[in-house]
Amino acid sequence: MSAWLEIKDLHAKVGDKPILNGLSLTIDAGETHVIMGPNGSGKSTLSNVLCGNPNYEVTGGSVSFKGQNLLEMSVEERARAGIFLAFQSPIELPGVSMSTFMKYALNARRKAAGEKELDAVSFMKRIKVRAQALDITDEMLKRPVNVGFSGGEKKRLEIFQMAVLEPDFCILDEMDSGMDVDAVKVAGSGVQIMRSPERSFLVISHNTKFLREQIKPDHVHILARGRVVAEGGAELMDTIDRDGFAGFIKEAVA
Amino acid sequence: MVEEISEITRLTVDAGRTAVFVEKQLSDKAEIVVEAGARVKHYRLHEGANHALSVKIGQGASYELVTLHKGNGNLTLSFDLAGEEAFCRSDVVYMLSGDRKSLIASDVRHNADNTVSRQLVKGAVTDKAFATFEGGVFIPYERKKIDGAQQHRAILLSPDATVKAVPRLEIYADDVKCAHGSAIGSLNKDQLYYLRTRGIDEADARALLTRAFLDEVFDSIEEEDIREDFKRLAVFEK
Numbered sequence: 001m002s003a004w005l006e007i008k009d010l011h012a013k014v015g016d017k018p019i020l021n022g023l024s025l026t027i028d029a030g031e032t033h034v035i036m037g038p039n040g041s042g043k044s045t046l047s048n049v050l051c052g053n054p055n056y057e058v059t060g061g062s063v064s065f066k067g068q069n070l071l072e073m074s075v076e077e078r079a080r081a082g083i084f085l086a087f088q089s090p091i092e093l094p095g096v097s098m099s100t101f102m103k104y105a106l107n108a109r110r111k112a113a114g115e116k117e118l119d120a121v122s123f124m125k126r127i128k129v130r131a132q133a134l135d136i137t138d139e140m141l142k143r144p145v146n147v148g149f150s151g152g153e154k155k156r157l158e159i160f161q162m163a164v165l166e167p168d169f170c171i172l173d174e175m176d177s178g179m180d181v182d183a184v185k186v187a188g189s190g191v192q193i194m195r196s197p198e199r200s201f202l203v204i205s206h207n208t209k210f211l212r213e214q215i216k217p218d219h220v221h222i223l224a225r226g227r228v229v230a231e232g233g234a235e236l237m238d239t240i241d242r243d244g245f246a247g248f249i250k251e252a253v254a
Numbered sequence: 001m002v003e004e005i006s007e008i009t010r011l012t013v014d015a016g017r018t019a020v021f022v023e024k025q026l027s028d029k030a031e032i033v034v035e036a037g038a039r040v041k042h043y044r045l046h047e048g049a050n051h052a053l054s055v056k057i058g059q060g061a062s063y064e065l066v067t068l069h070k071g072n073g074n075l076t077l078s079f080d081l082a083g084e085e086a087f088c089r090s091d092v093v094y095m096l097s098g099d100r101k102s103l104i105a106s107d108v109r110h111n112a113d114n115t116v117s118r119q120l121v122k123g124a125v126t127d128k129a130f131a132t133f134e135g136g137v138f139i140p141y142e143r144k145k146i147d148g149a150q151q152h153r154a155i156l157l158s159p160d161a162t163v164k165a166v167p168r169l170e171i172y173a174d175d176v177k178c179a180h181g182s183a184i185g186s187l188n189k190d191q192l193y194y195l196r197t198r199g200i201d202e203a204d205a206r207a208l209l210t211r212a213f214l215d216e217v218f219d220s221i222e223e224e225d226i227r228e229d230f231k232r233l234a235v236f237e238k
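For the protein sequence lines, the chains are A and B, in the order given. Going by the working numbering, 17 is the number at position 17 of the first sequence; the sequence numbering is gapless. Going by the working numbering, 89 is the number at position 89 of the second sequence; the sequence numbering is gapless.
Cβ-to-Cβ under 8 Å is the rule here; a few derived chain B residues that face chain A: (1) D190; (2) Y193; (3) Y194; (4) R196; (5) T197; (6) R198; (7) G199; (8) I200; (9) D201; (10) E202; (11) D204; (12) L208; (13) F213; (14) D215; (15) E216.
Straight line, CA to CA, 30 Å or less: simulated DSS-like cross-link-like pairs of lysine-lysine: (16) B/K231 <-> A/K128; (17) B/K189 <-> A/K17; (18) A/K142 <-> B/K41; (19) B/K189 <-> B/K101; (20) B/K231 <-> B/K128.
Simulated restraints on C-beta separations: (21) A/D218 <-> B/D190: 27 to 35 Å; (22) A/A246 <-> B/K128: 52 to 60 Å; (23) A/G244 <-> B/D127: 50 to 58 Å; (24) B/E237 <-> A/E198: 43 to 51 Å; (25) A/K142 <-> B/N188: 20 to 28 Å; (26) A/V58 <-> B/D127: 26 to 34 Å.
These aren't lab readings, by the way, just hints derived from the structure by calculation. Computed from a predicted structure; not experimentally measured. C-beta atoms are modelled at their ideal positions from N, C-alpha and C, and glycine is treated no differently.
Construct all of the structure, not just a fragment, from the sequences and the given hints.
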């Protein structure tokens, strides 16, 4: 029996450029994992490959998620199976309000599961409770998605989407970048509230202070040149704080 | 007060009158005269076969058109800003599907001083359909303080769909502000990916982005019922 999420010897490229070179990683239900690594080590590529971004080509290896072959599934099938990516740079959707966006997303799941569309009252309830918890106003829900919002507001809206869609596996790509201290706390509390024995997190970040205070990971992986070169518990962040990534990069080359 | 009318052939809106017309059925050829100081909003939700509309706008009068065109024929629009300080807005949404082939020709003539025109044309073309937009703005010699703007944007939703844009700006005067732009493209891949990562099927994601693109025209309609009617009817014909 395979693990909850099992990435084995994954190879992927963008255009002609190989980025992932035999990455292996296992995550069990209820765990919080952190991925750290220098720029260009493949952190964002991994999150995009897990979501099925068509700009990335998988050239080898396998990914199984809850017993399913993830790499054979479309982007939307993966999302409906419970995978969620909080984008590093959220995309603007002019003319589409956040509430319309979430209505489509929720109903897409229900349609795929053979359920009826959500009625207006249940939908509003689901939206409102989560918006309040994350300091998101009605006005922000009515405005076009990510258009004219600050970097921090966009990230907060990503966490909001995660809270509305209640995915099983949440990937947070550089969530703390572009956010001020207060916004990071609000987003961090959003993550903490969502912790559950059935839900796992994969958090990509450079910011050990944010990771220690808001994320409190069980496992830390260091990525260099498209592979995991070191794994450990939270204490691995102390090594990074002290010595940086230099030692790990040497290991990747060797 | 919104008036529903059918098959206009000749219509004169008397001086100083304010009117909102919703045209239900179109004639082949319609002529509208908006007399001095009158204010007209004209909404065309349905179309017939080939259709030509010409509007003459008098001194200080205002004429605003929003029309939905599905390409079951050609659409010919001409606007004559005949009196000083006349205003004309002429927005078009076109949605062509199947193997429809349609010419949308518009001609805005600033025949008096201090006249203003605004035109936003947005199109979505799918299957093997072919749309041509010919957008003319004509400003004669010695006209003063003219302000014209024309924007055309189209999205191609299939590899076999085609849009051709033919702008015709004939500006013979100096005291002119005239903005013009045309862009034809596909749906944004990053936006499609973003929607799909939230579980929305590719087909629904495409429909949602197309809708949002066209809604820019409809969202400027003040009358809520009419705005919603446009949005309901703005779907591709089989």
